[in-house]
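**Q** Note that the protein sequences, when read in sequence, are chains R and W. First residue of the first sequence? That's 1 in UniProt numbering, and the numbers climb one at a time after it. First residue of the second sequence? That's 1 in UniProt numbering, and the numbers climb one at a time after it.
Hints were generated in silico from the structure; no laboratory data involved. It is possible that part of the hints are untrue.
Note: identical chains are not told apart, hence a pair may lie in one copy or across any two.
Straight-line alpha carbon distances no greater than 30 Å define the calculated DSS-like cross-link-like pairs of lysine-lysine that follow [said to hold, decoys possible]: (1) LYS109 - LYS225; (2) LYS194 - LYS225; (3) LYS290 - LYS313; (4) LYS128 - LYS194; (5) LYS311 - LYS194; (6) LYS128 - LYS290; (7) LYS133 - LYS313; (8) LYS194 - LYS321; (9) LYS194 - LYS109; (10) LYS313 - LYS252; (11) LYS321 - LYS239; (12) LYS128 - LYS150; (13) LYS321 - LYS290; (14) LYS311 - LYS150; (15) LYS321 - LYS311; (16) LYS313 - LYS128; (17) LYS225 - LYS133; (18) LYS321 - LYS128; (19) LYS150 - LYS252.
Number of protein chains: 2
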Amino acid sequence: MSGARRDNRRSNGRDDSSRVAKAENDRKPGRENRGGDEKRGNSNNAARSGGGGGGNRGGAERGIAPAQQPYDNNGGHRSGGGGGRSGGGGTSFNGAAFTESQLMDEVPKKKFTGRCRLFVGNLPNEVKETELKELFSPHGDIAECYLSGKGFAFLRLDTRAHAESAKEAIDGRIIHGRQVRVRFAVHGAAIRVKELSPTVSNEMLYHAFSHFGDVERAVHIVDEKGRPTGEGIVEFERKPNCNEAMAAIRDKVFLLTASPKPLICEVLEPRDEDDGLAERMIPRTPGLSKERELGPRFPTPNSFEYVYGMKWKELYVVEQKRRAQLDEELRESRRRLESDMELAYQDYQAQMLREGYLMFFLLFFWFRALFFFF
Amino acid sequence: MSGARRDNRRSNGRDDSSRVAKAENDRKPGRENRGGDEKRGNSNNAARSGGGGGGNRGGAERGIAPAQQPYDNNGGHRSGGGGGRSGGGGTSFNGAAFTESQLMDEVPKKKFTGRCRLFVGNLPNEVKETELKELFSPHGDIAECYLSGKGFAFLRLDTRAHAESAKEAIDGRIIHGRQVRVRFAVHGAAIRVKELSPTVSNEMLYHAFSHFGDVERAVHIVDEKGRPTGEGIVEFERKPNCNEAMAAIRDKVFLLTASPKPLICEVLEPRDEDDGLAERMIPRTPGLSKERELGPRFPTPNSFEYVYGMKWKELYVVEQKRRAQLDEELRESRRRLESDMELAYQDYQAQMLREGYLMFFLLFFWFRALFFFF
Numbered sequence: 001m002s003g004a005r006r007d008n009r010r011s012n013g014r015d016d017s018s019r020v021a022k023a024e025n026d027r028k029p030g031r032e033n034r035g036g037d038e039k040r041g042n043s044n045n046a047a048r049s050g051g052g053g054g055g056n057r058g059g060a061e062r063g064i065a066p067a068q069q070p071y072d073n074n075g076g077h078r079s080g081g082g083g084g085r086s087g088g089g090g091t092s093f094n095g096a097a098f099t100e101s102q103l104m105d106e107v108p109k110k111k112f113t114g115r116c117r118l119f120v121g122n123l124p125n126e127v128k129e130t131e132l133k134e135l136f137s138p139h140g141d142i143a144e145c146y147l148s149g150k151g152f153a154f155l156r157l158d159t160r161a162h163a164e165s166a167k168e169a170i171d172g173r174i175i176h177g178r179q180v181r182v183r184f185a186v187h188g189a190a191i192r193v194k195e196l197s198p199t200v201s202n203e204m205l206y207h208a209f210s211h212f213g214d215v216e217r218a219v220h221i222v223d224e225k226g227r228p229t230g231e232g233i234v235e236f237e238r239k240p241n242c243n244e245a246m247a248a249i250r251d252k253v254f255l256l257t258a259s260p261k262p263l264i265c266e267v268l269e270p271r272d273e274d275d276g277l278a279e280r281m282i283p284r285t286p287g288l289s290k291e292r293e294l295g296p297r298f299p300t301p302n303s304f305e306y307v308y309g310m311k312w313k314e315l316y317v318v319e320q321k322r323r324a325q326l327d328e329e330l331r332e333s334r335r336r337l338e339s340d341m342e343l344a345y346q347d348y349q350a351q352m353l354r355e356g357y358l359m360f361f362l363l364f365f366w367f368r369a370l371f372f373f374f
Numbered sequence: 001m002s003g004a005r006r007d008n009r010r011s012n013g014r015d016d017s018s019r020v021a022k023a024e025n026d027r028k029p030g031r032e033n034r035g036g037d038e039k040r041g042n043s044n045n046a047a048r049s050g051g052g053g054g055g056n057r058g059g060a061e062r063g064i065a066p067a068q069q070p071y072d073n074n075g076g077h078r079s080g081g082g083g084g085r086s087g088g089g090g091t092s093f094n095g096a097a098f099t100e101s102q103l104m105d106e107v108p109k110k111k112f113t114g115r116c117r118l119f120v121g122n123l124p125n126e127v128k129e130t131e132l133k134e135l136f137s138p139h140g141d142i143a144e145c146y147l148s149g150k151g152f153a154f155l156r157l158d159t160r161a162h163a164e165s166a167k168e169a170i171d172g173r174i175i176h177g178r179q180v181r182v183r184f185a186v187h188g189a190a191i192r193v194k195e196l197s198p199t200v201s202n203e204m205l206y207h208a209f210s211h212f213g214d215v216e217r218a219v220h221i222v223d224e225k226g227r228p229t230g231e232g233i234v235e236f237e238r239k240p241n242c243n244e245a246m247a248a249i250r251d252k253v254f255l256l257t258a259s260p261k262p263l264i265c266e267v268l269e270p271r272d273e274d275d276g277l278a279e280r281m282i283p284r285t286p287g288l289s290k291e292r293e294l295g296p297r298f299p300t301p302n303s304f305e306y307v308y309g310m311k312w313k314e315l316y317v318v319e320q321k322r323r324a325q326l327d328e329e330l331r332e333s334r335r336r337l338e339s340d341m342e343l344a345y346q347d348y349q350a351q352m353l354r355e356g357y358l359m360f361f362l363l364f365f366w367f368r369a370l371f372f373f374f
């Protein structure tokens, strides 16, 4: 029901955007030859429309949102923001709001991304590239097939779903007498971003990070009810762009919305929730068989195991409480900083206003003096 | 290379296990009629082989692992462990070690699980079940097709990969003028388990939780290097089994290995890292446009935004430090409990030994007294 509401809102722009997405995909297979043209087109576009629209927007929205003025008066961040940065296109970060088309057009669904890359292990030495390709090609188009010659290979399929179905079908299959293993390769250029405002959509994240380089995928993670978690994932096509973004966000203040709460970024440490810890992966140590002497059980009350088990459970409860306590303390200091900032911002506005008046009176008297003489 | 080593170790048992898995899968489509026979068979099996093997195992391993005795002497937990429990099959949790076949045979890959269930939203009212099935059937077999008549439906496909490819293909498609949405349905009977010993494999988790009811999937989550994280996911076929497991683990001490560190369980709160917060999902509020007045930027040093942005960043650092501090403190109290437990365990062993000697001497003198009279 809520789905119906949401989708009706978007339905006008849909036909165009899906066509755009399709065009994007069609262009993709030749991405090695592209050399970043697309990206530059993107960011120029953003800068142009953002820069051009800056004046209009300011004028049109001033009526609803007077709070915006001081940032404009400040004059520094909007045009000069690029001054301190190293690379990434000098004028790309001008602080201009996201354009309507950035927000409303569907982000292109890229193919042959790092998420569609499979690791194939335990390959017999006699396997050739053609045989490997034949094995995977029924599941999707293959863009990359790197055969190491040391018993492993990397393959890149067109979509995640195709890679998933190839993995499901081929993992564990016996080829020339060896049971091959298929896993998703770790994405080499993915970052985790934190402290996202709940107003930041996937689309905003995508276009914001496109300034650093081609983005494959940008997601603001939601919980099971669709509420934003403040955490996101950004996957770049190339590692250097990823590093550049990480360094810039770490060293400087990177803002996506009006609120001056900067983003945090971290290297994404993926966890494997699909394959997990299979029995054959556990190294056989003497400690292992001792640890495994006993199996699943609920010890009877007052047994040694029960008494110490309950002590552990008490410890878990204490840990949980202390973590909750710390969280509450930290939330409190966040609230304090927010209210400090609010006050300082009002002061700042008032000061700007005073300076404005002063300037006005100075000009006024200067003009009066001027006309007085003539 | 490490893949090769791992897989060789398993290769002997493979052929049988894959045949078992296949048989399991073939049986699956008729799962509604099964009525838990399979499960009972499973747990009986475990109990039988575990119970029968108990004596042998104890005898065979005593030489390597004398530490086991006190638990045996205790006598309570192994046979009487089931005493306090409500339901779940009286003799199933006898603390017997996992059997070789439980550890080495591949766990059946179940089909038509809760993970293969799709939610289809924004459906036009005129869509009929047959049309819906026609739409999804090219991607896989369909087991469940519930059409609400209120614009949404649930479908259950055979495998996760098939559901994935159906989602990718059908999500966003326009049907009778409406753009349908396809999402994975939330698994209703999934739990997150914590404090798993690094020796607990997927297979152990699967068989341990099968005592509560049919398990669809059990995974000990690993990091990108394949190291166990101590956290796992267990998905049951039915909600009541899931609830029973949750209650038992919450109220009692549930142990999987020799170490008396009990498991923790929580309701699994899935996060959507695939679709995330799309622009069309964000409600249009007056605050939204104000928050979005400014776009991505690096404010110039000494601007208001920069100064407060840096204050936020300082706060982030403080938060991180305090969390790390707390973690260290909590680790320290864990270490303390562990060494306490170690000492108490040694005392306990010594006491058991003394009691054993005492009993022996008493019996000895009693017998001597007896023979003295005759």
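**Q** Are the hints correct? Go through all of them and say.
**A** Quick rundown of the hints versus the structure:
no. : hint            : result
1   : LYS109 - LYS225 : both (24 Å within a copy, 29 Å between copies)
2   : LYS194 - LYS225 : both (19 Å within a copy, 23 Å between copies)
3   : LYS290 - LYS313 : within (23 Å within a copy, 48 Å between copies)
4   : LYS128 - LYS194 : neither (44 Å within a copy, 43 Å between copies)
5   : LYS311 - LYS194 : between (36 Å within a copy, 16 Å between copies)
6   : LYS128 - LYS290 : neither (44 Å within a copy, 59 Å between copies)
7   : LYS133 - LYS313 : neither (52 Å within a copy, 49 Å between copies)
8   : LYS194 - LYS321 : both (24 Å within a copy, 17 Å between copies)
9   : LYS194 - LYS109 : within (23 Å within a copy, 36 Å between copies)
10  : LYS313 - LYS252 : between (43 Å within a copy, 9 Å between copies)
11  : LYS321 - LYS239 : between (40 Å within a copy, 29 Å between copies)
12  : LYS128 - LYS150 : within (12 Å within a copy, 53 Å between copies)
13  : LYS321 - LYS290 : neither (33 Å within a copy, 37 Å between copies)
14  : LYS311 - LYS150 : neither (50 Å within a copy, 51 Å between copies)
15  : LYS321 - LYS311 : both (15 Å within a copy, 28 Å between copies)
16  : LYS313 - LYS128 : neither (55 Å within a copy, 52 Å between copies)
17  : LYS225 - LYS133 : between (41 Å within a copy, 27 Å between copies)
18  : LYS321 - LYS128 : neither (57 Å within a copy, 52 Å between copies)
19  : LYS150 - LYS252 : neither (43 Å within a copy, 50 Å between copies)
Hint check: violations occur at hints 4, 6, 7, 13, 14, 16, 18 and 19; the rest are consistent with the structure.
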